[in-house]
Amino acid sequence: MSAKTTSVSGSPPVAEEHDFAALTEIVSGIVESKTPAWWWPAFGVAFTMLLICGAMITYLIATGVGVWGLNQPVGWAFDITNFVFWIGIGHAGTLISAVLFLFRQHWRTAINRSAEAMTLIAVMCAGMFPLIHLGRAWLFWFLIPVPNANAIWPNFRSPLFWDFAAVSTYGTVSLLFWYTGMIPDLATLRDRATTPIKQWLFGIFALGWRGSARHWRHYEMAYMILAGLATPLVLSVHSIVSMDFAMANLPGWHSTIFPPYFVAGAIFSGFAMVITLLVPARELFGLKSVITDHHLNSMCKILLTTSLIVGYAYGVEAFTSWYSGSEFERYGAANRAFGFYGWAYWLTVVCNVFIPQILWKSSYRIRPWLIFTVSIFVNIGMWFERFVIIVSSLHRDFLPSSWGVFIPTWVDMLQLLGSFGLFLTMFLLFLRFLPMIAMSEVKGISPLAHPHPHAQAHVVDERSTGGRRGESKGGRS
Amino acid sequence: MSDLGSGNRAAETTGPKATRIATVIAVLAAAASLAGGAFDPDRFAFSYLVAYTFATSIALGALFWVMAHHASSAVWSVVVRRLLENTARTLRWAVLSFAPIIFLIPRLYAWARPSSTVDRVLELKRGWLNTPRFLIAALVCLGSWAILAELLARLSIEQDRTKNPDLTRRMRAISPPGLVLLGITTTIAAFDWLMSLDYHWYSTIFGVYFWIQSILAALAALTLLILALQAAGYLRDSVTKEHLHDLGKLTFGFVIFWAYVAFSQYFLIWYANLPEETAWYLNRRVPGWNGWNYLLIFGHFVIPFFVLTPRTTKRSPATMAGVAVWLLAFHYLDLYWMVMPNLTPVAPAISWLDVSTAVALGAGLVALVCRGCERSPLTPQGDPALAESIAFKNT
Numbered sequence: 145m146s147a148k149t150t151s152v153s154g155s156p157p158v159a160e161e162h163d164f165a166a167l168t169e170i171v172s173g174i175v176e177s178k179t180p181a182w183w184w185p186a187f188g189v190a191f192t193m194l195l196i197c198g199a200m201i202t203y204l205i206a207t208g209v210g211v212w213g214l215n216q217p218v219g220w221a222f223d224i225t226n227f228v229f230w231i232g233i234g235h236a237g238t239l240i241s242a243v244l245f246l247f248r249q250h251w252r253t254a255i256n257r258s259a260e261a262m263t264l265i266a267v268m269c270a271g272m273f274p275l276i277h278l279g280r281a282w283l284f285w286f287l288i289p290v291p292n293a294n295a296i297w298p299n300f301r302s303p304l305f306w307d308f309a310a311v312s313t314y315g316t317v318s319l320l321f322w323y324t325g326m327i328p329d330l331a332t333l334r335d336r337a338t339t340p341i342k343q344w345l346f347g348i349f350a351l352g353w354r355g356s357a358r359h360w361r362h363y364e365m366a367y368m369i370l371a372g373l374a375t376p377l378v379l380s381v382h383s384i385v386s387m388d389f390a391m392a393n394l395p396g397w398h399s400t401i402f403p404p405y406f407v408a409g410a411i412f413s414g415f416a417m418v419i420t421l422l423v424p425a426r427e428l429f430g431l432k433s434v435i436t437d438h439h440l441n442s443m444c445k446i447l448l449t450t451s452l453i454v455g456y457a458y459g460v461e462a463f464t465s466w467y468s469g470s471e472f473e474r475y476g477a478a479n480r481a482f483g484f485y486g487w488a489y490w491l492t493v494v495c496n497v498f499i500p501q502i503l504w505k506s507s508y509r510i511r512p513w514l515i516f517t518v519s520i521f522v523n524i525g526m527w528f529e530r531f532v533i534i535v536s537s538l539h540r541d542f543l544p545s546s547w548g549v550f551i552p553t554w555v556d557m558l559q560l561l562g563s564f565g566l567f568l569t570m571f572l573l574f575l576r577f578l579p580m581i582a583m584s585e586v587k588g589i590s591p592l593a594h595p596h597p598h599a600q601a602h603v604v605d606e607r608s609t610g611g612r613r614g615e616s617k618g619g620r621s
Numbered sequence: 136m137s138d139l140g141s142g143n144r145a146a147e148t149t150g151p152k153a154t155r156i157a158t159v160i161a162v163l164a165a166a167a168s169l170a171g172g173a174f175d176p177d178r179f180a181f182s183y184l185v186a187y188t189f190a191t192s193i194a195l196g197a198l199f200w201v202m203a204h205h206a207s208s209a210v211w212s213v214v215v216r217r218l219l220e221n222t223a224r225t226l227r228w229a230v231l232s233f234a235p236i237i238f239l240i241p242r243l244y245a246w247a248r249p250s251s252t253v254d255r256v257l258e259l260k261r262g263w264l265n266t267p268r269f270l271i272a273a274l275v276c277l278g279s280w281a282i283l284a285e286l287l288a289r290l291s292i293e294q295d296r297t298k299n300p301d302l303t304r305r306m307r308a309i310s311p312p313g314l315v316l317l318g319i320t321t322t323i324a325a326f327d328w329l330m331s332l333d334y335h336w337y338s339t340i341f342g343v344y345f346w347i348q349s350i351l352a353a354l355a356a357l358t359l360l361i362l363a364l365q366a367a368g369y370l371r372d373s374v375t376k377e378h379l380h381d382l383g384k385l386t387f388g389f390v391i392f393w394a395y396v397a398f399s400q401y402f403l404i405w406y407a408n409l410p411e412e413t414a415w416y417l418n419r420r421v422p423g424w425n426g427w428n429y430l431l432i433f434g435h436f437v438i439p440f441f442v443l444t445p446r447t448t449k450r451s452p453a454t455m456a457g458v459a460v461w462l463l464a465f466h467y468l469d470l471y472w473m474v475m476p477n478l479t480p481v482a483p484a485i486s487w488l489d490v491s492t493a494v495a496l497g498a499g500l501v502a503l504v505c506r507g508c509e510r511s512p513l514t515p516q517g518d519p520a521l522a523e524s525i526a527f528k529n530t
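Going down the list, the sequences are from chains C and G.
Reading the first sequence from the start, the letters are residues 145 to 621 in this note's numbering.
Reading the second sequence from the start, the letters are residues 136 to 530 in this note's numbering.
Do not rely on the hints blindly, as some may be mistaken.
Stated by the list, open to error - Computed spacing ranges between beta-carbons, pair by pair: (1) C:S312 to G:P249: 56 to 66 Å; (2) C:I551 to G:R255: 36 to 46 Å; (3) G:R450 to C:K505: 54 to 64 Å; (4) C:F577 to G:T413: 52 to 62 Å; (5) C:E169 to G:K376: 25 to 35 Å; (6) C:M368 to G:R371: 47 to 57 Å.
Everything labelled a hint here was simulated from the structure, so no lab data went into it.
Computed from a prediction, not measured in an experiment: that's the story for all the values here.
Just so you know, even glycine gets a beta-carbon here, dropped at the ideal spot from N, CA and C.
Excised from the complex, chain G in its bound form (with noise of 0.2 Å):
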């Protein structure tokens, strides 16, 4: 099977090693931020909602891509479909780790906090804005992407083993229906989990925003994967500098597809200039928070955009490594922004929560995916297409 590659096995020396350290490491971060919860639960709140749409909406846009994948029946992305399927498959965990935001539902949430004051507006979105309609549909977006990564997953194990080409058609009859389901999930885990922070604001392409952006985070995560599996040794001769590059090519377009859809909100907020849109703004413009703005649309866009730009820096591993973590730390950063504002309306007032709940839920997110790296071979070795994506060229 020389002609498959390296992937035809799992992780199985770094494998463990990293999933001990990642696991010591999350589990550490988590006790940390839980006894820091205790002093300062409001703080730990809203620094806990960031880490925790970080972590998932990684996971989020990997599910997305292994259906995209199947859905379009692509041929170059076999060989990296399986290190998708071990991220996208930590969904179930994103499960378990709700859980401690249902139990801070009114610290985040002012629409589920009794208050003495009659809200008009509040009143007329009751049907929407309560807790246990909250709850139902956090349980039914979770436990429909669980669901599909697992089914996806699991399918494409089986094909290792059996080597039947019948799997391959059965992914691909899930995936576009799937698709579907991802878009409606995860618009309504956009509004709920971020968009209500703010409960008088509305935006029709906020699901988008949040849909592009764990796409984004996704391919960043997953660039960075191959490339961290290549430095311990796996993966060399199968995923080649051909796929880094359509790599760094998707990556190009979706942070262009990112600053397009920030700006579409942006814009026609400010330009129509209704006082009930341009508040959310009006916040995140007050001086202590108006550097953060600069700093998404270049950290962002602008510098990835040009470094991203010319064909040597998408099929250099060390640039795109670099890209791939400066991506993902913005992408922390404009999660941040979207949610801080709610506690700390003056300023950002960065606290060690904040670090403690992205490290933990970070590293739990690396612990699971190197768990899954260890256990399955890195490419999927029953796809019949296998051996043609390995020799794919970019001519």
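Excised from the complex, chain C in its bound form (with noise of 0.2 Å):
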């Protein structure tokens, strides 16, 4: 990296123009001024395929999964891809609130609460997929481990088992951290209500906070405490949606590279969506002093380290297949590279591995449409990757008698295109009635926070150096 990096990195996250109050009234500003003219035909767009979900999963219910192009050997499809894929994209907002907050990285506070509010609105997506596979949906309950009149409990020792309680568990920890960490700023809007109703609304879920002493002083501990619980999960939760494949004996399922595998996926995968969100957003709301070319930068070099952990995995699995002198690992490999669903295994290898490689040049990392167009690459390629690991090892039994394709009928399709209609309304509306950047950590953070006497002299050594300031915030444990 050149010496333009290390100027880049070096300069501060928050603009320094900003002082607390311009920084209020930029957040704010958004929730509080009149609806911008886009946001209609957007949400218009985004709700239509909204609806288009509603009507895949009615008519799906109404006729049976035989509307899908699901088939033996290929048992699961577009469904468990979906969920795959819409978990992962969760993952990159656990990352930047827990992981980057325990690490000190101070460039998170103007992106945590977007890409939290991303993970939320990821996790409903994905959590609708096995639901609507079951068939019989109303019977969901059967997964919760609730005794009933028939004494039927689930099966402990099945990964889908663990699979619901895992996410589940990452829902209402994310909820809770998302909701916890915008308390401040939700008393922020309250103060700043001029009607009634919205100081009425905001200040029921404001919870009475008054900014005192004690307030903080109780804020920021259950703020760490769960940054502490939500690390493990950034981790657990996709091992587990590994293990859905990885426990079983299939070639191409069965690693022992799936967990760390996986996890690194959902974070590259996560990073990708969270850049596709955000570049448009800071671009449309004028945000471009808070979510600065800081960000852009870090969010890059994270999005490239992970596509080579993920390069590295495709990697060792494709040598091992050929190492373990296995006929069926290797047909798996020949097979998965080559057969029928070769294409896709290029397509995802091109844009998980190939594509991100520009961003090892510095001064590509803070073109915002550059790196806009790479993660949508990721975002294709990221997908792909699930759709070849389920299908294409689905899809060649051990014995030919039982080979078959998997070829996705129309509603496969509206039901993705679904998915997404739900993830864009609810993050539409996340944009237009919440406060989309944590005032008040972004605050924490700025130079007008940290007033010592040797202040400037850190920004200068932080400029020639590109390091980070060493005092923080948080980061005790």
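Put the two chains together into one complex; each comes in its own frame, and the hints tell you how they fit.
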């Protein structure tokens, strides 16, 4: 990385021209001002897609899962691909809010709120697919280990049950984390509210926040504890999702590297989605002074790192299936690359491993529309990665007599489109009604919050070396 | 330069003394090992492999930390970076000390022994499992590690003299591609040196396992080195409790990560229950070896996990020194558990050759690190972020 990078990473995460009041004005202004002109058409498109989602679910449940292209041997295809895709997207939010918090990465404050919202919405999108795949969706509560009249318990030895437990825990902790972090900002909106209804609504959710030292003390402690609880979840949820496959003895599924590989892939796809959402959002809401080049640069570095980890996993998988000397493993790997779905494998490799390599060049990492394009490729690549793992492994069973091919139907396609409708609708509502930047946290890391005599010296140091400052708001463990 | 702490000098007095003592121990132990090896070459081969991977993995982990420091533009760790550089620099000696393994290949690796029966699986992987390929890969791995370690250490020492911030940029430019190279070569080394001992067995996570072992071992060695130097009167106002606390947090994190990787490997193999994979664990679950599994579960994970959980233990030099020694010991036992069931499948049979080879290479590593510490200042004096690193606080 050239001298240019160091100067980029050395720029402070908050533009210095903003004092606290200006920051409040920028962020609260998004919620308080009139709905921007672009919002309604965008919402219209997203909501139409959401209606399609509802229509497809209705059709599916009224008719049966046969309306999808599933068959023997491919008993799972788009539904589980979409599930893994969406649950993976969510991981970036938790990584940004919990792991980067523990690692004292201050730049996280400008993007963590929207990334956490993205997590919650992605978990909703993900949760939908296993439920509608059940066939009798109304019996989904059988997944919950409640004693019932028939004494039927879920199979505790099944990774699918662990999945249910992991995802519901994840959803709960993410919700608590997101909401706890938002309380001081909700109180700001309450205090600025112009109508009694707004004041009342924000007031209820601000839980009587007055900003006293005692409130802050409790808040910081709760945030720290939730970050500690959420950190293992970043690892555990996708590890368990990977076990849905790796527990089986199907070549292409059974591989010991799956847990860390899936976690890295989840963070990779999640960061791509954060970039996809925030690059347009910062343009449309004029937030370039809050979500700065520094953030784009840092996110691209994480994207590149996780891309390399994912590439490593592809390589080790391919090598080991040859090295195993097992004819099934070898056939599985060859079929994945050169079989019926070979094009999808190479699309995955190009999107996930080759295209992100352009981010080695530091000047590219701060070009918003370039990295937006890269992020779109990664989104596509990560969806196809799961499709390849699931479908190409299933469609060639051990016996050639049970070989088959999966072709998606129009219902499969529209259901996937519909899940994007749910995602975009919810995200647009979030942007419109809630503070999309964690105001109080960004203030906490701005230069004004560190008015000690050496502050200037630190900033100079940072610029010359690209380092980060040692002071930290949290980070105790 | 008082604000740059006590690290502005080398360990001039203690260094040479420690180097001398460690060298004498290493030479004596090496002589004893070679003499023992003449009588029991098989035992020597396996003991040496454990000791070699033990010592090399510490230096390899140190190289990882140097490059991770540069790649992430970290500030807090500037103050400990020179010690990591000194440790990583010993990798050039790892190239030399690989020599005995070259001669021991047929004793160590069943795939390299002539056999009267045809093994169909082995024939299918002959393209990888053959001696010339093994040697070339080892040379590439060890050579690239030694070059990277040497390059980064030299740039850092040059910066001591010139105070040129451009050198920081150069080290930061080398490190990310260096880490990519390290990831690939470490995996190859792990597959070749350790996994191919049982050439039927394969596990895709094995490279990650060895990498995590190395990274954790290097953290423990670094902690121990800092505390030893402080006990000898060095670094006392450069490396503070805040740095120790951060090292403790990282150690805690990697103890958990080790358990995560070890568990992922075991659990997936156990659950899928495929005979070609379970054999490896079954060999380690024979009555004689079974206790070792529990030793690792508790010693390598449960006990350090609970010891490192509270804030106070991570800030206590005495506890951290104890944890570091403990983890290094269990790192050795973990490697022992990977290697030795291939030699003594029924039960572990501890031999004095295990001890003498480990002492020879361990003391050799200590001597080389001490020699590095006596030759250059203990902290990178030219690093523009040094003062900030010393002042770092965990608030």
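request  = Provide an ascending list of the numbers of those earlier hints which the structure does not satisfy.
outcome  = 3, 5, 6
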